[in-house]
Amino acid sequence: MIRLAVISGKGGTGKTMVTAALAHLLKGSVVLADCDVDAANLELLLHPRLIRTDPFSGSKLAVIDPAACTQCGECKKYCRFDAIESNGGTFRISPLRCEGCGVCVHICPAAISLQPRQTGEIRSSATDRGHLVHAALVPGAGNSGLLVHAVKKTAMEGNEQCDLLLIDGPPGTGCPLISTISGTDAVLIVTEPSVSGIHDLERVVAVCRQFRPRMYIIINRFDLDTTRADAIETWCRTQGIPLLGRIPFDPAVIDAVRAGIPVTTAGPSPAAKAIQTLAAKLEQELTDLGRKR
Amino acid sequence: MKLAVASGKGGTGKSMVAANLAFTLAGTEPVTLVDCDVEEPDLHLFFPAAAVTSDVTVPVPVIDETKCQHCGLCADFCQYGALAALPDRILFFPELCHSCGGCRLVCPNDAIHEEPRRVGTLSMADPQPGLKLIWGTLDTGSPHAVPVIREAKKAAANAPVVIYDTAPGTSCPVVEALDGCDTCILVTESTPFGLHDLQLAADVAARMDIPAGIVINRSDGKDEMTLRFCADHDLDVLMTIPFSREIAAIQSRGDLLCRARPEWQKDFCSLFIKCKTLAGVGP
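Line order of the protein sequences matches chains A and B. Heads up: the first sequence runs through residues 75 to 367, numbered per our numbering. Heads up: the second sequence runs through residues 58 to 340, numbered per our numbering.
Just chain B, same shape as in the assembly (with noise of 0.2 angstroms):
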């Protein structure tokens, strides 16, 4: 069962959730947390734990001065402008490079080979029996934050249960987070705000055939606009927080509802067997 929580607008909770679910189920079974906002990985400050980390790499052309014959055919092959052709020399600026490879292949004079360049940490932690954390960090003015992403996927990818907390936003970060889930949980917010980036995650998740339920969190009971939005549809409201200064203030100092007040433990079990309905894989 992998899952997902994602929200299109920043700061609605998805952490919030990710957390309490994670911190629920591990004391049941075992659960793996994966932290893919990497731009501004949180969750490690929920459970603090000794971490084990190592970086992340991604490979990136070095030419070889001594056979480069400055033809530029790399410089014109490259769609990221990444490379560019001087009369006596190339220049490679590594923030554009996506890593293609595509520079290596084009070289007639064999004058390039790959070297690995750090983007990005992955960290793993075991904060409490039954829950393993991972998460990755992307080096700060780096801008991939996909290779960081897709790391942090690969070493859980044969964990059974695995819980993605995902950026904000609709653009690749999220599709990388979300690719090969089976299900996700968006997080919204009863404002407009909320509602416009639930449409936008609600069609990125549409798009990619990944079943999804919704979250309201914050609730200050005005929600009709969220709750029209969800019955046109076709979307599921899997649970509701309400807006409280003490669920504020829980989260603000890093602990997590569940583990501050154990009675909301019975809402996020609730959540996961309603996850799993979604999904397909049952109870």
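Looking at chain A on its own, in the form it has when it is part of the complex (with noise of 0.2 angstroms):
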């Protein structure tokens, strides 16, 4: 199996569009991982009919028992995330700061407790084009990147017989993004032509590099400005990163999202035929690299 991620370093760069076309447009078998688990938009496209459900639990939450606590404060001076909060002598823990250390526990074994909790759910669906796992964060919940390496999980285990695992990912270059290209065989980044897609490009082929998977760019929306995509081009020759397409902007795009399909199967229109020609040169790429493993 050959493990491909899409991701962009800046957000909303079509990562989404891409993954979903890429899912209808690459031949052989296929299982799917939707890792931007904070905003998973994939299903949006794919339309999964869910098959079941997970519960995901990453850190624990301390919880302080009302009735033995004798409002001491020890606790409170030695958590470092400020989770602990008095009111007019009550302690309680703040659920969004708290990380599941066990600090106060140690300090006041006799009130305080960690507790499991349930801060998302893994979903696992069937899709046109295969297994899609996929899954919902608790707005606000924290341990993005475990989930991500729990979805990766599901979606290899019982696949292993599929010719490529894709995964759409996440934006920026921390612990999801980490947790997404950590184990994968390739990289397809999404990248515009500005000044910030440029800037951000940079950054997440910086973190790429400490991972080592092979890297594809394409560049989206290029013809909104056609001399920094050009910049961005020559910048891809020199870090010796082949560069698989560019696609125009283009009405269809949005179209096709608002009617809930990949726009390669919207009919024709000068972004599926972009996305059509640079899928083509991805499946070559993975043929070269399935054959030298």
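Worth double-checking, as some hints may not be accurate.
Stated by the list, open to error - One side of the interface only, derived from the structure: several residues of chain B facing chain A at Cβ under 7 angstroms:
# : residue
1 : Glu97
2 : Ala106
3 : Ala108
4 : Leu257
5 : Asp260
6 : Ile307
7 : Ser309
FYI, nobody ran anything at the bench for these hints, they're computed from the structure. Predicted model only: the values in this text are computed from it and were never measured. We treat Cβ as the ideally placed atom computed from N, Cα and C, and that holds for glycine.
Hints are included, so try docking the two chains, each in its own frame, into the full complex.
Quick look at the structure:
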């Protein structure tokens, strides 16, 4: 199985739109994972039929037993996350700030305990293009990196015979992104021709270099700034990263998203044509990668 | 007045709204603009200026092998798996450590002390009169955004008007940025993706008791779905910015709408007044 993650650094460059199109265009058997667990959107284009859900518990939560609490305030002194609030002598834990480290329990085992908490849900679904594992993080919850790991693990289990694990990744360079790209064979980075897009591309490439997946880049909405698109192409060459294609700005993309379908199944359009061309190149690259392994 | 700009979905125009708001306000009152999207901080690209940069560090355990008895209590205690006890040594995985300090507390042999470990940087600049810009930058390869966000916010703690630009998403970096804010602007786009993620972001704001207002960006006039959601959830649409290739080009080259087209400044002034009303601060 080849493991490919679609990532971007900067948000909103078109990861999900590209992932959904690739799910239909790449040949062979596919298992899909939506690792943008904070804001999972792949389901809006692939219309999964839910098969099962599993609760996800990330970190634990400290809970104070008010009957046993003597209001001494020692726990608050040791908490490094400012998670213990006192209000008129009553102490309580802020669930949004508590990271479940257990220091307060060590300080006061008589009144405080660590309890499991559900911070998300892992969903296994069927789509026309194979099995999809996605998730819902409780809004505001932490541990999205752990949830990403659990989504990838669930997607691989029982699907080892698939030719491709196709991952829709999160934006950024932190915990969820690192969790997404670790163990992948290749990443497809979707960028856009703007000062922010280029800056964020350079940072996400720097993170990827520490994990050594094969990198590919595509430029979305390239015609909004062809000068910067050319600059990205030159930069890719200096970095030795293949630029697989340029997608034009095309209202057909928004129309397809509103219709809830990948742009490549919505009929001919300039964007669909560009994605079909780059998917064929990617297909070849992945075949070569599989042969080398 | 502490105002956050958030979105759920990435790339909806958070930085654009935050930057234009700060640029406009700085003409009349001192403003501090804080980039809390430390994984991909971009605001400084729109305000070129000399910056003063310092390290952001977190305390991590260091084990004194002369005192360690390899009892493994520290590894048992660590909820994050950052310490592993082998028969003859303790392994430490810094990227898993949350710097809670618990291992040092539980060590019966006083064999653990803490030393600072760099996870990112904090930068400050004064790009124009009335505007202070603060941004955190997470080191590439470091997973811990929250301590960098916390330092960036701390650096702006005493400023009278602070605008925070947040990361996309709805998890810990967003919560850290929103914490303590008087109000927040949620920037969205009128697509099913934008609406889906707006619902999640509005949920986070509601859970944190932070009043929220909506900015619709890159509108192509087909905003019915978003407007219906806002009406159903009692969220005011504070501003609608149309899609135009000209605005996209201004952004793309690193310029600001209000700098390139000063007639937009009155719209951002009025956005800020609406935010003050939302926050209950009054005009």
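Consistency of the hints with the structure:
no., hint, verdict
1, Glu97, "4 angstroms, holds"
2, Ala106, "15 angstroms, violated"
3, Ala108, "15 angstroms, violated"
4, Leu257, "5 angstroms, holds"
5, Asp260, "4 angstroms, holds"
6, Ile307, "10 angstroms, violated"
7, Ser309, "4 angstroms, holds"
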